[in-house]
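In the order they appear, the protein sequences are chains A and B.
Following this note's numbering, the numbering of the first sequence begins with 1 at its first residue and continues without gaps.
Following this note's numbering, the numbering of the second sequence begins with 1 at its first residue and continues without gaps.
Rather than coming from a laboratory, the hints here were simulated on the basis of the structure.
What you are looking at is a predicted structure, and each value in this text was computed from that prediction instead of being measured.
A hint or two may mislead.
With a cut-off of at most 25 Å between alpha-carbon atoms, the simulated DSS-like pairs for lysine-lysine come out as follows [said to hold, decoys possible]:
{"no.": "1", "chain 1": "B", "residue 1": "LYS163", "chain 2": "A", "residue 2": "LYS30"}
{"no.": "2", "chain 1": "A", "residue 1": "LYS36", "chain 2": "B", "residue 2": "LYS163"}
{"no.": "3", "chain 1": "A", "residue 1": "LYS286", "chain 2": "A", "residue 2": "LYS301"}
From the derived model, a few chain A residues whose C-beta atoms are all more than 12 Å from chain B [what the hints assert, rightly or not]:
{"no.": "4", "residue": "ASN17"}
{"no.": "5", "residue": "GLU52"}
{"no.": "6", "residue": "ALA93"}
{"no.": "7", "residue": "PRO146"}
{"no.": "8", "residue": "LEU182"}
{"no.": "9", "residue": "LYS235"}
{"no.": "10", "residue": "PRO283"}
{"no.": "11", "residue": "LYS287"}
Every residue, glycine too, gets a C-beta built ideally from N, C-alpha and C.
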Amino acid sequence: MEMRAAYAECLAEMMANDRHVVVLDADLAKASGTRKLYERFPGQMFDCGVAEQNMASIAAGLASYGFTPWIESFTPFATRRICDQVAISIAYAGMNVKIVGTDPGISAELNGGTHMSMEDIGVMRSIPGMVIVEPVDEVQLRAAMPAIQAYRGPLYLRLFRKETPAVFKAGYAFDLMKADLLREGRDLSIFVSGLPTADTLEAARTLAEEGIEAEVINVHTIKPIDRETVIRSAKKTGCVLTVENHNIIGGLHSAVAEALAADPVPAFALGIPDRFGEVGKLPYLKKVMGLTPENIVRRAKAALAAKE
Amino acid sequence: MNPSLKQHCLDIRCDTLRAIGHLGVGHIGGCLSVIELLTVLYFEAMNIDPAQPKMPGRDRFICSKGHAGPAVYAALANRGFFPKEMLLTLNQGGTDLPSHCDMNRTPGIDMTTGSLGQGFSCAVGAALGSKLEGDGAVIYTLIGDGESQEGQIWEAAMFAAAKHLDHLIAFTDYNKLQIDDTVAKVNDIAPLADKWKAFGWNVIDVVDGNDLAAVSAAVDRARANTGSGRPTMVILNTKKGCGVPAVEAMGAGNHNCPFTEAEADEAIRALREAFAREEAGNGGKEA
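Take the sequences, apply the hints, and build the full model.
Below, the structure is given as structure tokens:
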């Protein structure tokens, strides 16, 4: 199932259970997978039209009235375009608003550079009190949604919206504040979020064939980062690689490096190399940005070399 | 209009001057221009209870021009939301009365505002919330004329009309001045009434927005528009710095300027004397 379909099912369940759960769109309900919910929940779904700033502040007004608004747009418009509304109307005012950005990074594919957010995590991470969650697959998303709804305060959900390879198995237990160990290893720690997670696991298998045991940890919550897990794994293996569908500045790499800064472990970055996006399908864009299993293997070996 | 409003209006203006004078600097011009409106809202129009600042179903006032915070605080203190002595903590470190309104700090403040344009959208969101709850509340909001240059104002204006939020009553403090110069010279917003009409709002134009009786009558008319299917904009043609001739004379310079305790004392004395003369039937001009 597409991620957006699972997301919409979860929202529908929450709206059916609680009339104070409301969803706001800025003319991208179809893209977010929620358009069909308008008929079922006419009093809980509001399309603000192409006016994201207004949507964000209206959500704050609704939150002041006791509602839990979820606002939706593409990642660049849910973050950098409305940064001040998110910072002031929502975060500074302490409003319980869920901000959903779809099509993160290169997953915007044919919409190209204008619609590719390489900086959204950096923008949101520097806003005080903002929680940032990026689910990997349908199982993790479905497990995360109730925890996100239950969390009170501003939260950014970075949502890949199409089909994605399964990483987590049924019965997976989600903890909003704890990173997930996907693979144990002793030689290096790879911290990964979102889209590149499956490719990172493939890279780890390749490394294992060469006798290199990589520990792979999925950091679904990038802020607040699970420092305990990050530091424990890094200390155990002695070197780190981060893999992310985001600029290597401001995102997962920055969060991991900050966690390790007091007692450093060599930490290498793999992500969008401080550049804008361009049009293309995912296989092309992964190649252009270096987010392929082969390149993850190469960067992992570079990290290992730094340790030795 | 309730005759006691005049006294409340005088007290709110004087307490605003006292608080800003005590600090020595503040957004004095745009505070003094809206004192009559705040008096009418807090002492006549709004269904509120100072003992229960978060009372469900209460009417709300969202001061989107958040820099008028000091005037709102003076109105709240006079209405009994907190002791008047607290007004002298304005903008001191650790205060609960910051320059711009903060709903998490100040009893009676309904929204955190200060980044221009946003509070107006928040008010639209609150009006939508009120409609969904069916609580019968009226949502009042105040924007500045300079603030009306923000694109977000017009995004929200369009949405409020499209969703028929007729229990939303907005006011523009049309004092014709902004930080850099006159509004007309910087980036003119005229014809303002035509713009709001074109956006699908009822419009009430108040020729003198510092005339207490005229403001009271306009708020009554705006409240009668509930049920019209359209939100209402009340344009208050005001004087920035109203009530203190020296501040009025500064023009655009009075947006945020030094104002000493001695100046406050003098202004308060003059206002109270003029008020006493008027009350005594000497025909003095009311504050």
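Structure-based check of each hint:
1. B:LYS163 x A:LYS30: holds (21 Å)
2. A:LYS36 x B:LYS163: OK: LYS36 (chain A) and LYS163 (chain B) at ~20 Å, within 25 Å.
3. A:LYS286 x A:LYS301: Distance ~19 Å between LYS286 (chain A) and LYS301 (chain A) Cα, so the pair holds.
4. ASN17: Its Cβ never comes within 12 Å of chain B, the nearest being 16 Å, so this holds.
5. GLU52: Label violated. Min Cβ-Cβ 9 Å, cutoff 12 Å.
6. ALA93: ALA93 (chain A) not clear of chain B: closest Cβ-Cβ about 4 Å, inside 12 Å.
7. PRO146: holds (23 Å)
8. LEU182: holds (40 Å)
9. LYS235: At about 39 Å from chain B, LYS235 (chain A) clears the 12 Å cut-off, so the statement holds.
10. PRO283: holds (39 Å)
11. LYS287: Fine: 39 Å to the nearest Cβ keeps LYS287 (chain A) off the interface.
Hint compliance for this structure: hints 5, 6 are not met, and every other hint is.
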